[in-house]
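K.L.:
What follows is each chain in one-letter form.
There are 2 protein chains.
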Amino acid sequence: ELVAQAEALFGPQPLLGRQVVITAGPTREPLDPVRYLSNHSSGKMGFALAEAAKALGAEVTLVSGPVSLATPAGVSRLDVESALQMRDAALGAAAGCDIFIGCAAVADYRPASSQPQKIKKSQDKLTVEMVKNPDIISEVAALAARPRLVVGFAAETQDVEHYARDKLQRKGLDLIAANAVGDGLAFGQDDNQLTLITPDRQLPLPRASKRDLARQLMAELATLLSEKA
Amino acid sequence: ELVAQAEALFGPQPLLGRQVVITAGPTREPLDPVRYLSNHSSGKMGFALAEAAKALGAEVTLVSGPVSLATPAGVSRLDVESALQMRDAALGAAAGCDIFIGCAAVADYRPASSQPQKIKKSQDKLTVEMVKNPDIISEVAALAARPRLVVGFAAETQDVEHYARDKLQRKGLDLIAANAVGDGLAFGQDDNQLTLITPDRQLPLPRASKRDLARQLMAELATLLSEKA
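Chains as they are written, first to last, in our numbering: chain A, 162 to 390; chain B, 162 to 390.
Certain hints may be false.
Chain copies aren't distinguished; within one or between two, either way the pair holds.
To be verified - Lysine-lysine pairs mimicking DSS-like chemistry, simulated, CA-CA at most 30 Å apart:
(1) 281 <-> 328
(2) 215 <-> 279
(3) 328 <-> 282
(4) 332 <-> 286
(5) 328 <-> 279
(6) 332 <-> 281
(7) 332 <-> 279
(8) 293 <-> 282
(9) 328 <-> 286
(10) 332 <-> 282
(11) 389 <-> 215
(12) 279 <-> 293
(13) 293 <-> 332
(14) 281 <-> 293
(15) 389 <-> 286
(16) 389 <-> 282
Think of the hints as simulated: they come from the structure by calculation, not from any bench.
Just chain A, with the same shape it has in the complex (with noise of 0.2 Å):
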């Protein structure tokens, strides 16, 4: 009945009722108080697939990374600035939720010390000891209260297939969307080429914009979530 009167209202809401967690951007992993590493992401694929995912009805958490973009109207959002704090506000948002889409870019690696102090530049070499960051959507996937659909990107500059395939297996993941890095795609661009990688299915989308994409991607989960219902 309510479902009805919402597509009457909105369209249909194939997750009206859904929780949907999605982290995005990038991550910052301090060096000393005014030094990071970081990379190239601008959060525009992740706030397009929030603003999807609302779109078809569902109760969405932004979980974002430092990002020069406005929240979708009605998303919940939580601000972090490292992978330690991304871990944290991540999972405590997907444990139990029906749809976690991790699509933040997070360092791989963090200083292995973070010093208080802006670390002076006397030295004409400096080394850098990074250790290596844990892996959110893998902990995520392993959850007690595991999220119904989990689904991850891969981002390649080689090869993209094969690794996407290979994270989708090693991460235990319902979906991946693998894309390529460069010539003009992916990372701070509004267009995209995705492929769909499921256990049994592969499914390229044709280039397109990072909304028309998101949309895609949003109703794929919501055919996939009711079948699995």
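Position chain B relative to chain A; hints supplied.
P.N.:
Chain B only, in chain A's frame:
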């Protein structure tokens, strides 16, 4: 005659016809195609200086690292990413100008080598070897066609004035604007507190908006320049 007309229209323009070159924002030092080392500079102070210099009649060139700020009206802007790119742009613009202000938070170090492919996170630890970046403001101060005034900034977390005066002498600057980082001041904030230090003077400016401080600093520089003439 022109000056009188300009003053009648726009107020006093002590920098009319003067060439002012300002660097602003952070730099990004690439580790591979997606990762970089950077810092928390927003570029606000440098952009405020460009606006203030323009208001005093100067022809302003702003050499900017990656920031999310609009170019002040009438200011020429050169966008760069890395410290090496900023050095090339700054030296090219600074030669023969009247006032050079190094306000950018140029990364002191860059990765010794930037990998052409994204580094795989196969290892638990990663050691990044960093080498020192060129000291842009020292190179500007050593130009044969040295700007008549070379002005630097010193942002420190401790012992600010000691480090600032040392920097002034070591680099052969005419003035240094020293500020303390932390306690809600400086990086990313709208307010700042500056102490202007010349070889024979020290002038603390009270805490104010970066816009106000920029106007005061540019007025001081206009006076210094006229004393040199």
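K.L.:
Each of the hints needs a verdict: does it hold here or not?
P.N.:
Structure-based check of all given hints:
1. 281 <-> 328: Between copies only: 12 Å across chains, 40 Å inside a chain, cut-off 30 Å.
2. 215 <-> 279: neither (42 Å within a copy, 33 Å between copies)
3. 328 <-> 282: between (39 Å within a copy, 12 Å between copies)
4. 332 <-> 286: between (37 Å within a copy, 20 Å between copies)
5. 328 <-> 279: Between copies, since 16 Å is at most 30 Å while 37 Å is not.
6. 332 <-> 281: between (40 Å within a copy, 16 Å between copies)
7. 332 <-> 279: Answer is between; shortest inter-copy Cα gap is 20 Å, intra-copy 37 Å.
8. 293 <-> 282: Result: close both inside a copy and across copies, 26 Å intra and 8 Å inter.
9. 328 <-> 286: between (36 Å within a copy, 20 Å between copies)
10. 332 <-> 282: between (41 Å within a copy, 14 Å between copies)
11. 389 <-> 215: Within one copy only: 21 Å inside, 63 Å across.
12. 279 <-> 293: both (23 Å within a copy, 15 Å between copies)
13. 293 <-> 332: This pair counts as within: shortest intra-copy Cα distance 16 Å, inter-copy 39 Å.
14. 281 <-> 293: both (25 Å within a copy, 11 Å between copies)
15. 389 <-> 286: neither (55 Å within a copy, 39 Å between copies)
16. 389 <-> 282: neither (56 Å within a copy, 33 Å between copies)
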